[in-house]
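So the sequences go chain by chain: A and B.
Taking this note's numbering, the leading residue of the first sequence gets 84, the next gets one more, and so forth.
Taking this note's numbering, the leading residue of the second sequence gets 84, the next gets one more, and so forth.
For the record, the hints were derived by calculation from the structure and aren't laboratory data.
Just so you know, not all the hints are guaranteed correct.
For identical chains, the list gives no copy identity; a pair is met inside one copy or between any two copies.
As the list claims (entries may be wrong) - Below, simulated DSS-like cross-link-like pairs (lysine-lysine); rule was C-alpha separation at most 30 Å, straight line: (1) K306 with K176; (2) K162 with K271; (3) K176 with K162; (4) K306 with K162; (5) K271 with K236; (6) K339 with K306.
Protein chains: 2
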Amino acid sequence: MIRVALDAMGGDHAPQAEVEGALAAIALLPNVLVQLVGKVDVIAAELARHPGADRSRVEIIPATEVIGMGERPLSAVRKKPNSSVVVGLGLQKAGASDAFVSAGNTGAVLAASTVLLGLHPGVERATVATPFPTADLPVLVLDGGANVDCSAKELVGFARLGSAYARDVMGRERPLVGLLNIGEEDEKGNAVSREAHELLKQTTSLNYIGNIEGRDILAGHSKLGHVDVVVTDGFVGNIVLKFYESVARLILRLVKRTAPDILQRADVQEVFRVLDYAEYGGAPLLGVRGVSIICHGSSGSAAIKNAIRVAAQMVETGLNQHIAAEFAAGSAPAA
Amino acid sequence: MIRVALDAMGGDHAPQAEVEGALAAIALLPNVLVQLVGKVDVIAAELARHPGADRSRVEIIPATEVIGMGERPLSAVRKKPNSSVVVGLGLQKAGASDAFVSAGNTGAVLAASTVLLGLHPGVERATVATPFPTADLPVLVLDGGANVDCSAKELVGFARLGSAYARDVMGRERPLVGLLNIGEEDEKGNAVSREAHELLKQTTSLNYIGNIEGRDILAGHSKLGHVDVVVTDGFVGNIVLKFYESVARLILRLVKRTAPDILQRADVQEVFRVLDYAEYGGAPLLGVRGVSIICHGSSGSAAIKNAIRVAAQMVETGLNQHIAAEFAAGSAPAA
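Let the hints inform the model, and build the full structure from the sequences given.
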């Protein structure tokens, strides 16, 4: 049985979206047990609204405090040891849980995951991996905002973590990696990207295709070929991710103004469903010794269910053992 | 009469798009004369395909060389003094032209503009300003890719140049400026953005609203209010711009797959027309002592016509005199 601890108090729609997502996940995944972490009375009341649901694989884990969305991450983690985030990750540290999912304060989940789970030896920084929906397969962009300033060597680390995830969880047998830049030529970009490009070329454990441009992410390929994993620092990654999140709203406004009738059509709604995923998908934190998935604050029950499914997949495929082995082997070039 | 020199040899669809765009522009703008710069026989042959068109305000300026899309900008400008880019900008330097428009090699146009026109005293770097279409008014993002690594002080310069353009050419009486960042709080971002945020707050000649996020560009506002001008370095600006350029193609692929019939509808095509503008609009180079507009390589005649119109507007409104006065006054804070 895979035990997934779910922060029942995080997110804009907690605990409703969390409880509904948990019940949907156990109905879908026979080998998953969800540990709802948070205020017992609040969770029990929400569960009581689903009297017919199978609760055999749902546990309630008490956590009396909640970290708010506006709180400063590190100090909140220190000051609130009984918060759902700290308790949920503490379970995993103690061996009583296999994974953690939260739609709460992103910075607090990041900080608590790094502090409580620790990093795999050889990993310099943990990274948030964000799947970007495209017309074909999703493209994994990392870092999504956890690491604002990055060295070239750290970017290589993100490429290795992203490749492991793309292989184990996204089913890409030979994940192709691109470095996000402003042109494909060797000399393009800022000092860090030029150095990272050279280091990535030398990293034989990666399938590095080269520099790619902003337009290649959604295309899923550059002139150099298909792309599965896009590496950039968290400053650029976060800006592009949030920009993408706003695209569905722009299209919706434009369509509402010019052709509002088509919004009723199921096939048109399917287009928005793809775009909406940019906003509502969960993002795994890679590099920590454990499983931690960060969901968008506005996640609904479908996003929570999906994040639980991904968390279980990360456990099942042995992603962490593979990352540990890859980084222990130290296949990065000397830098 | 406003004399606009047009690089007749630049762009993927030259000289056809250029000649058609020029003829459309003079039909629209009675006070504009277009100087078609390039190979005389090629331009004459293209003009001959429009026997009925008014040619009273079209001149042909000979330029025997062409700078290719793949050539290294600075060396191409040095090695090809008779290229359409160098000849066209040379006219302006000599006082024989008022503005230059090109869909050719962006780097070469940048380099030649900076070298031939020079910078206004007080301007540290010229910047490419790119209008992003939104559901309401376009938002001006700068830098669009000319300056990869920028100091905080240079970002303040971009904000001042962008504000002048937004006021004179985009009709924003009191242009509101945001700094592109990964959160609105003072402490968010990398070292340069934190410093730029502080400098921008101190620059009294600007209407600075604060840090904005990636999602606020297309929304046209942040939590802090409306945004007209978005400031960032050319690395981030170029990546976000090219990402945006790819959105229309993603939506097209999704719609083609799920609801292809709606693509025939004029109201739906109107939605794509807005998005396409991201790809086909011209971008003025601000900070140089003159007028230089860079068009996308794939520009068609409508984009060329539009760029000529904007070039004429930049001349007519006296944008350069206003920029010169603003920077001579030295209203930037000491840094």
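Broken hints, by number = When the structure is compared with the hints, only number 1 turns out to be violated.
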